[in-house]
Amino acid sequence: MTMPTHLDPFTHAQWYALGRDEDFPDGRKTQTRLLSQDLTVLRRGRTIEVTLPQGQPRPTQHRYGHVWTTFSDTPRALYDIPEFEEVERRLITAGAVHVRCSGLRAVENFLDMAHFPFVHTGILGVEEHAEVEKYDVSMDVERDEIWATNCMFFQPVAAATAKAGGTTKYKYRLPHPYSVILYKTCPPRPGEWDLIGLFIQPTEEDVCIVHSFVLVFDQDNTDTELLHFQQNIFLQDRIILENQIPRRLPLDMRLEIPTRADASSIAFRRWLKANGVTWSTVRAGDME
Amino acid sequence: MIQNESTMRSVIENNDLALWRGADGVARAWENRCPHRGMRLSYGIVRKNRLTCLYHGWTFNGEGRCDKIPAHPNLDPPTTIGAKVYKCVEVGGLLWVAHTENSSEPPVINGSWIPCRSLHFTKKIALSNLIARMDADPLNAHAQYLNPPDGAKMLLAVQPMGKRGTMLHLTLHAEATREDHLRASRWLIAHRLTTEIIA
Ligand code: FES
Ligand SMILES: [Fe+2]
Numbered sequence: 001m002t003m004p005t006h007l008d009p010f011t012h013a014q015w016y017a018l019g020r021d022e023d024f025p026d027g028r029k030t031q032t033r034l035l036s037q038d039l040t041v042l043r044r045g046r047t048i049e050v051t052l053p054q055g056q057p058r059p060t061q062h063r064y065g066h067v068w069t070t071f072s073d074t075p076r077a078l079y080d081i082p083e084f085e086e087v088e089r090r091l092i093t094a095g096a097v098h099v100r101c102s103g104l105r106a107v108e109n110f111l112d113m114a115h116f117p118f119v120h121t122g123i124l125g126v127e128e129h130a131e132v133e134k135y136d137v138s139m140d141v142e143r144d145e146i147w148a149t150n151c152m153f154f155q156p157v158a159a160a161t162a163k164a165g166g167t168t169k170y171k172y173r174l175p176h177p178y179s180v181i182l183y184k185t186c187p188p189r190p191g192e193w194d195l196i197g198l199f200i201q202p203t204e205e206d207v208c209i210v211h212s213f214v215l216v217f218d219q220d221n222t223d224t225e226l227l228h229f230q231q232n233i234f235l236q237d238r239i240i241l242e243n244q245i246p247r248r249l250p251l252d253m254r255l256e257i258p259t260r261a262d263a264s265s266i267a268f269r270r271w272l273k274a275n276g277v278t279w280s281t282v283r284a285g286d287m288e
Numbered sequence: 289m290i291q292n293e294s295t296m297r298s299v300i301e302n303n304d305l306a307l308w309r310g311a312d313g314v315a316r317a318w319e320n321r322c323p324h325r326g327m328r329l330s331y332g333i334v335r336k337n338r339l340t341c342l343y344h345g346w347t348f349n350g351e352g353r354c355d356k357i358p359a360h361p362n363l364d365p366p367t368t369i370g371a372k373v374y375k376c377v378e379v380g381g382l383l384w385v386a387h388t389e390n391s392s393e394p395p396v397i398n399g400s401w402i403p404c405r406s407l408h409f410t411k412k413i414a415l416s417n418l419i420a421r422m423d424a425d426p427l428n429a430h431a432q433y434l435n436p437p438d439g440a441k442m443l444l445a446v447q448p449m450g451k452r453g454t455m456l457h458l459t460l461h462a463e464a465t466r467e468d469h470l471r472a473s474r475w476l477i478a479h480r481l482t483t484e485i486i487a
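As given, the protein sequences belong to chains A and B, one line each in that order.
Numbered according to my numbering, the first sequence spans residues 1 to 288.
Numbered according to my numbering, the second sequence spans residues 289 to 487.
The shape of chain A in the complex, shown without the other chains (with noise of 0.2 Å):
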């Protein structure tokens, strides 16, 4: 198998969500990218093959109600999300959302509370309290993953559960150079964290493949509610990421200048570089 140029090793050991089994019609071929690379899903029943365009398989799972594959043979272990085992969950799954930029810039959009005022205006957050509080960011050393912890923000209609405004809670999980894990307080029962993550295929350095999921205890409200909730401010942020410059993602700090609020953006920037990422980031050169 011959690799893209800029395709570093701890990339390319990692598992990539391609779908969930109702994105691939039974019994038919389905190509799609990954990495710059062509595959071929096909589908029988629960079954999944994963196939190179010379038809050498590649090994798949199931997990998160989604399917992954990976080009390693020594891959990084998928990580855990224990929350997935809570029976009394919803899991509610959107689809695939195709978007021109980097992976990593929609990772790095996903962890910030900053925009929320001004890119999801009476939704998310309102002008008039665009502050962001101090929070902790802190490294998992024995997993290899990074928290944002005692995140605070102020929000008007936090989630499609909540019918008043007021400061919500979060927490945020990076397990993973494509996956980011949203934990917010759960109206309906104080002392436990809904889920909301993005689970992305990077199908070139510039665009990607968003999927994503919502696992939560809500009760209120269907499933078409909760999926056009999420959408919707899916929405809104897509204009904001098909519109940065340069659309890899800057791991030099001087190319783009963080504040406090970006503090979980210096963090995953750092570990991306720690890891020696270098597809989906700015290289030398690219700038002039």
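If you're looking for bench data, these hints aren't it; they were derived computationally from the structure.
Glycine is no exception: its CB is placed at the ideal position from the N, C-alpha and C atoms.
It is possible that part of the hints are untrue.
[Stated by the list, open to error] Not everything, but these chain A residues come out facing chain B in the computed CB check (under 7 Å):
1. Ala130
2. Gln236
3. Ile240
[As the list claims (entries may be wrong)] No farther apart than 16 Å at their CA atoms in a straight line, the calculated lysine to aspartate or glutamate pairs in the EDC-like style are these:
4. B:Lys356 - A:Glu128
5. B:Lys372 - A:Glu256
6. B:Lys411 - B:Glu301
Chain B with the ligands: place on chain A using the hints.
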């Protein structure tokens, strides 16, 4: 045409630009990239004489300096944070933009000129081919005065946009009549037909 308190995106070769005009009527040309996270500033919102980025609301004054970061309302942004500003002057009914490092003087154009037509060509256009059989005097490398036998004096400027082709901008001297404008506009459209379809 940029109205007061509005923005517009433009491209010169491979440079993505945000053009905007404040309530003061002054036109500005900046690199189309917010220094915070790279959002195109042409998506921003102009209030009075300041431009606010759509993504996180960083706000820049007319000189490009960032003076407000809404995520940190009590912070005075360091004076070093700013948008990259280009030279921008408005003469002859046109905006002229150059890199700040570019030492060439902005064009001197006498009198007042009214925009007539701007047209997009999908190809690279050489001004010399377009005006080969016309009575013309060059203004600079990117513009020519044209003296048609049957109408008012015109000014034709070329804006190269790299792989996106070329924009041609035509303005007429303020004395031009409505007929002059119609004729000039038809002349430019005819040129596009010739270069884009027939050629
Ligand atoms: S990208 Fe412009 S304010 Fe953040
Ligand atoms: Fe968002």
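To see whether the hints hold, each was checked on the structure:
| no. | hint | verdict |
| --- | --- | --- |
| 1 | Ala130 | 4 Å, holds |
| 2 | Gln236 | 10 Å, violated |
| 3 | Ile240 | 5 Å, holds |
| 4 | B:Lys356 - A:Glu128 | 13 Å, holds |
| 5 | B:Lys372 - A:Glu256 | 12 Å, holds |
| 6 | B:Lys411 - B:Glu301 | 12 Å, holds |
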